[in-house]
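Engineer: The lines below spell out each chain.
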Amino acid sequence: NAGVTQTPKFRILKIGQSMTLQCTQDMNHNYMYWYRQDPGMGLKLIYYSVGAGITDKGEVPNGYNVSRSTTEDFPLRLELAAPSQTSVYFCASSGLSEDLQETQYFGPGTRLLVL
Amino acid sequence: GQQLNQSPQSMFIQEGEDVSMNCTSSSIFNTWLWYKQDPGEGPVLLIALYKAGELTSNGRLTAQFGITRKDSFLNISASIPSDVGIYFCAGQGYSGGYQKVTFGTGTKLQVIP
Numbered sequence: 001n002a003g004v005t006q007t008p009k010f011r012i013l014k015i016g017q018s019m020t021l022q023c024t025q026d027m028n029h030n031y032m033y034w035y036r037q038d039p040g041m042g043l044k045l046i047y048y049s050v051g052a053g054i055t056d057k058g059e060v061p062n063g064y065n066v067s068r069s070t071t072e073d074f075p076l077r078l079e080l081a082a083p084s085q086t087s088v089y090f091c092a093s094s095g096l097s098e099d100l101q102e103t104q105y106f107g108p109g110t111r112l113l114v115l
Numbered sequence: 001g002q003q004l005n006q007s008p009q010s011m012f013i014q015e016g017e018d019v020s021m022n023c024t025s026s027s028i029f030n031t032w033l034w035y036k037q038d039p040g041e042g043p044v045l046l047i048a049l050y051k052a053g054e055l056t057s058n059g060r061l062t063a064q065f066g067i068t069r070k071d072s073f074l075n076i077s078a079s080i081p082s083d084v085g086i087y088f089c090a091g092q093g094y095s096g097g098y099q100k101v102t103f104g105t106g107t108k109l110q111v112i113p
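Heads up: the sequence lines are chains A and B, in that order. Position one of the first sequence corresponds to residue 1 (this note's numbering), numbered consecutively onward. Position one of the second sequence corresponds to residue 1 (this note's numbering), numbered consecutively onward.
Below, computed lysine-lysine pairings styled on DSS-like, alpha-carbon distance capped at 27 Å:
1) B:36 x B:100
2) A:44 x B:70
3) B:51 x B:100
4) B:70 x A:57
5) B:70 x B:36
6) A:44 x A:9
7) A:57 x A:14
8) B:70 x B:51
9) A:44 x B:100
10) B:108 x B:36
11) A:44 x B:51
12) B:70 x B:108
13) A:14 x A:44
14) B:100 x A:9
15) B:100 x B:70
16) B:36 x A:44
17) A:44 x A:57
18) B:51 x B:36
19) A:57 x B:100
20) A:44 x B:108
21) A:9 x A:57
22) B:108 x A:9
23) B:36 x A:9
Restraint-style ranges between C-beta atoms, simulated for each label pair:
24) A:51 x B:27: 22 to 30 Å
25) B:78 x A:17: 44 to 52 Å
26) B:95 x A:79: 24 to 32 Å
27) B:57 x A:69: 36 to 44 Å
28) A:77 x B:50: 31 to 39 Å
29) A:9 x B:80: 23 to 31 Å
30) B:18 x A:9: 34 to 42 Å
31) B:60 x A:75: 32 to 40 Å
32) A:83 x B:50: 34 to 42 Å
33) A:7 x B:81: 27 to 35 Å
34) A:56 x B:38: 25 to 33 Å
Stretches of chain A that chain B covers, calculated by requiring three or more beta carbons in the stretch to come under 8 Å of a beta carbon on chain B:
35) 36 to 49
36) 103 to 110
Worth flagging that the hints you see were computed from the coordinates, not collected in a lab. The beta carbon of each residue, even a glycine, is placed where N, CA and C say it ideally should be.
Kindly generate the complete structure, drawing on both the sequences and the hints.
Structural biologist: And the structure:
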C-alpha cells in the first residue's frame, strides 16, 4: 500500500488565487481529515469526512472547502488564497489497524506559501 | 480549539541518555497516540494506547495511558542521533459523531552526539 499520498509537495500562490490540494489513500479507510500546521504549533483540524459524500467542518474551516466523491480521494480547495493560509497542510485517514483498533495515518504534507 | 498541554517544549540531551515527555488534558480520551515528525515530513505513528493504565513498548520507546485517561507519557531509552525530531501526543475520542483527534504542541528533541 502507498498509504496516504498528497500533491503537490510545495506551492506558491498569489493573494486571491485558488488551488486544490489533492489527497488519496489506498487503505479503504472511511475517515479522512485535513489539518494545517503552523510553525512551532500542533495540528489544527480544517475539515473531516466520515465517508464518501459526507463532510463536516473542523476547528478552522474558514477559507476552505472539501468534497468526498469517492472513498479514496479527499481534495481541499482554497478559493481566494490569503497570507494567513500560509502553512503546511496534512491529510490523514483512519481505519482499523492489524489489532482492530482505530488508528490515524498521515500523508507527507503540502507546503503552501501565499504572497 | 482545545490543545493538549505537552511538556517539555524542547530538550537537548546527550546521546545515550534517557528522555521523558508527557501530555495532560482537561478532557478524557479513549485513545492516546504518540507521533514523531521529522523536518519536512508528516507525523509518523510511534505508539497507540487504547486502555487506561496500559503500558506499551516499541523498541526503545515506552508509553503509558494514564489511569485518569487525561494524561500520557513517552519515554525514550538510550537516545541516539536519529531520535532527533518533534514528538507529538494526541488524544482521540468520539465527538459529534466522529473520531476527533486533539494534538499537543510538540516536544522538540535534540540529541548531542
